[in-house]
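J.: Residue numbers for the sequence shown follow the UniProt record's numbering, beginning at 1 and rising by one.
Treat the hints with caution; some may be incorrect.
Simulated restraints on C-beta separations [said to hold, decoys possible]:
#1 Arg32 to Ser69: 31 to 37 Å
#2 Val29 to Arg75: 43 to 49 Å
#3 Met78 to Thr28: 41 to 47 Å
Please keep in mind that the hints were generated in silico from the structure rather than gathered at the bench. Positions of the beta carbon are idealized from the N, C-alpha and C atoms, including for glycine.
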Amino acid sequence: MSFLAEFIIDNSVAKVINCHFGMDQAITVNGRASQKPVGGGIIELELESTSSTEFFDWMASPDKRKSGSVTFYRRDAMSRLKRLDFTDALCVSYHEYFHSEGSHPMVTKMKLSAREINLENVTVVNDWNAEA
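Hey, can you work out the whole structure from these sequences and the hints?
T.: Structure representation (structure tokens):
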């Protein structure tokens, strides 16, 4: 089965080449979860570059928060597989890469830190107010 994904933010759509997100829980020595999931708001994206400087501006503005989504589709029927929504995300890493050869000559890699993520109907909220 083949898939594709779109990154949607501020009414802009970008083609996703790679996407990584997840979360971890601390465990006891016996392997039992010992606290709520942590680090659940980190989303790493590799996108086809465009002429827009919107993402670069987001990175250059340390307090700018944005909300958006990554939607994953089954390529065979173009039916939606699942959607990851994020709220109040900061762009904490931004890099553009140029390769003169290959199927993706120019890509943008970004890391987002979101206050809240929602995968379908499962929501994880990071308590940013608890930080020292």
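J.: Taking the CB of Arg32 and the CB of Ser69, does the distance hold inside 31 to 37 Å?
T.: holds, 33 Å
J.: Has the hinted range 43 to 49 Å been met by the Cβ atoms of Val29 and Arg75?
T.: Check passed, 44 Å falls within 43 to 49 Å.
J.: Evaluate the given range 41 to 47 Å for the C-beta pair formed by Met78 and Thr28.
T.: Between Met78 and Thr28, where Cβ atoms are some 45 Å apart, the hint holds.
Of the numbered hints given earlier, the model fails none.
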